[in-house]
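So the protein sequences, as listed, match chains A and B.
Letter by letter, the first sequence follows residues 1 to 527 in our numbering.
Letter by letter, the second sequence follows residues 528 to 656 in our numbering.
Take these hints with a grain of salt, some might be off.
Said to hold, decoys possible - Below 25 Å or equal to it, Euclidean Cα-Cα: the simulated DMTMM-like pairs (lysine to aspartate or glutamate) are:
| id | chain 1 | residue 1 | chain 2 | residue 2 |
| --- | --- | --- | --- | --- |
| 1 | B | Lys639 | B | Asp595 |
| 2 | B | Lys654 | A | Asp334 |
| 3 | B | Lys647 | A | Asp32 |
| 4 | A | Lys169 | B | Asp555 |
| 5 | B | Lys617 | A | Glu257 |
| 6 | B | Lys557 | A | Asp32 |
| 7 | B | Lys583 | A | Asp32 |
Claimed, not checked - Interface residues of chain A toward chain B, partial, derived using beta-carbon atoms under 10 Å:
| id | residue |
| --- | --- |
| 8 | Asn136 |
| 9 | Gln140 |
| 10 | Ser205 |
| 11 | Asp216 |
Source of the hints: derived by calculation from the structure; they are not laboratory data.
Cβ coordinates follow ideal geometry from the N, Cα and C atoms, glycine included.
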Amino acid sequence: MSKLQQPYSWAIALVIAAILGPGTAGATSTADHSRFKELQRTFNSGPEVTQACLSCHTEAAKQVMRTKHWTWEFLNPATHQKLGKKHVINNFCISVETNQPFCTTCHIGYGYKDNSFDFTKQENVDCLVCHDTTGNYRKQPGMAGNVVTREMEFPPGSGNIVKPVDLAKVAQKVGKTSRDTCGGCHFNGGGGNGVKHGDMDSSLSAPDEALDVHMDATGNDFGCGTCHATSSHDVPGSRFAPTAKDTKGPLMRGKHEGRNPATCVACHDNAPHKKIARLNSHARKIACQTCHIPTFARGGVPTKMSWDWSTGGKMGPDGKPLIKKDENGHVIYDAKKGDFVLGENVVPEYKWFNGKVNYTLLGDKIKAGGIVPINSFEGSPDDGKSLIWPVKVMRGKQPYDPVNMTLVKPHTAGNDDTAYWKNFGWEKAIASGMESAGAPFSGKVDFIETEMTWPITHMVAPKADALACADCHQAASRLKGVPGIYMPRHSANEWLNTAGWGLAGLALLGVIGHGGLRLYLWRKGKK
Amino acid sequence: MNRKLSITFALAIVGLSAASAVQAYDPDWKRGRVYYRMVCTACHETKGGAIAPSTKTKAEWAAYIQADKHAKGKESLKFYVSQKYRDSIKATNKAAAKFADVPEQELLEDIKAFVNKGAKDGDAPAKCS
Chain A
1 MSKLQQPYSW AIALVIAAIL GPGTAGATST ADHSRFKELQ RTFNSGPEVT QACLSCHTEA
61 AKQVMRTKHW TWEFLNPATH QKLGKKHVIN NFCISVETNQ PFCTTCHIGY GYKDNSFDFT
121 KQENVDCLVC HDTTGNYRKQ PGMAGNVVTR EMEFPPGSGN IVKPVDLAKV AQKVGKTSRD
181 TCGGCHFNGG GGNGVKHGDM DSSLSAPDEA LDVHMDATGN DFGCGTCHAT SSHDVPGSRF
241 APTAKDTKGP LMRGKHEGRN PATCVACHDN APHKKIARLN SHARKIACQT CHIPTFARGG
301 VPTKMSWDWS TGGKMGPDGK PLIKKDENGH VIYDAKKGDF VLGENVVPEY KWFNGKVNYT
361 LLGDKIKAGG IVPINSFEGS PDDGKSLIWP VKVMRGKQPY DPVNMTLVKP HTAGNDDTAY
421 WKNFGWEKAI ASGMESAGAP FSGKVDFIET EMTWPITHMV APKADALACA DCHQAASRLK
481 GVPGIYMPRH SANEWLNTAG WGLAGLALLG VIGHGGLRLY LWRKGKK
Chain B
528 MNRKLSITFA LAIVGLSAAS AVQAYDPDWK RGRVYYRMVC TACHETKGGA IAPSTKTKAE
588 WAAYIQADKH AKGKESLKFY VSQKYRDSIK ATNKAAAKFA DVPEQELLED IKAFVNKGAK
648 DGDAPAKCS
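Kindly produce the complete structure, drawing on both the sequences and the hints.
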């Protein structure tokens, strides 16, 4: 190299470095989507963006369309029940039937407004809802999963103006899924933040260690996909068929072997307690979550613990639907929905669970006078498949058909004459919903108590905050009432205790008597 | 001639570098969120109440940050983003520790991006801080 060339080569290198700059240094993706010509244009709808995505990711939509996120259907291989959001009834908003424009805000697609939705159109798949990194991709309820593409007032008549989503900007910044994207729906199940699950709410978007050791934003910073290791867009870990007991030890990432990677054991093994081996023997009967999630809803967001639809429809002094809030500003009564009980830092209930869940579906006969289980967790201390799990039990009172003795699917959401939230008439709302579902309805309505069980598995506390021995091994044990277990200090039998203490007392008396006699004889001998 | 050319080139490089650094930095709103919640909010909650991003508009946030005043003007706002401040609390604050080496200007841009997004008139108003 000549003397003249040297300074220029140095300068050229600096120019290149300056141009590349810090923008490329921290990137984790191998593709900068803002450089793709397909995305450098104006998009007028979500499906237009999807078509652009599919021009490169040719198989993505086909993969998505095979998943529950798309079909909202799941055939449980263990019970042969047809489940999925499309079919089940719950004791929150009750049912998707006829309420699609609102419920499908969380469908992974565009335009699922009723039962005529075309599940075969690839451009209806919504790529951005899972791959947005800007945090600006929002869908408004009532729009059947479509995005806002022009300025609009929402809710209508509120004066609140919602701006259109800049689809090109979002598309150019796509990336991996995150707690924010998954949480957009899963934190808001049941109609609001934290409502449904109890162990999932917006506090997990950037949690500290105390709230979740795995997702701790300043520590491990796990995303949902770290555990729910996804392949071909199919996210493992379903609540319809959970893995209650995993006996197979660690699961090498990348290997599937038909196993669920989203279990504790898949990373931590079946004997994770290295210092206190006795705890490993507990793990043969107790789910990890039982000790390591001492309470749920502890991120400052309350969860709904009960929902009584029977009290809905009350009007305020102004003649408008009544709304009541608690001292923290949380709604505890809404004329559209009835009364709620909220809970924070809730101690779970505990049940034997073997992974098999049975649902009460539309058409299943129910018994009057009792509590209808919306779902039942199967399990027992003797089947070899069960562990004691922490659960949230959601209690409710919801409409049913007292003549046909079935649960019902009411048409609640909407602005039409039969929607309960518009006319506050149950008969019309249920007739509409049941007709759409093709199910019989007698025209009579009554309310019945229901229970729905949810496994608690998120919000894993630091080990220092896990349950201590005394939480269970005492009279007021957390596991009180769980059948088939003997817990020292808790499972005391009065007769056995009396007999044991009696025998111990007699033995002590014998020792004292014998010792006294020996002492007496020794002293007597000395004299 | 060669010397003049070199100076011109050097000046061009300095200018390009500065422009590139400003234009190329893409704020990380999520990092801003973590710092805002775990440093700013954590302290405010113990000394005077929470500070939700949605309590101000984007313009109000921009003016507040630009003014660089904290504690009713007694302190510099930027000090609480500085490496010096992060060093002083990193033993007890995990967010300060995690972002201890992040350049101040970048972290400030991250926080701006978060409050801008979460502002009253932002794309995703954030009621909780």
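Going through the hints against the structure:
| no. | hint | verdict |
| --- | --- | --- |
| 1 | Lys639(B) x Asp595(B) | holds, 13 Å |
| 2 | Lys654(B) x Asp334(A) | holds, 21 Å |
| 3 | Lys647(B) x Asp32(A) | violated, 31 Å |
| 4 | Lys169(A) x Asp555(B) | holds, 15 Å |
| 5 | Lys617(B) x Glu257(A) | violated, 44 Å |
| 6 | Lys557(B) x Asp32(A) | holds, 19 Å |
| 7 | Lys583(B) x Asp32(A) | violated, 33 Å |
| 8 | Asn136 | holds, 4 Å |
| 9 | Gln140 | violated, 13 Å |
| 10 | Ser205 | holds, 8 Å |
| 11 | Asp216 | holds, 8 Å |
Violated hints for the displayed structure, listed by number in ascending order: 3, 5, 7, 9.
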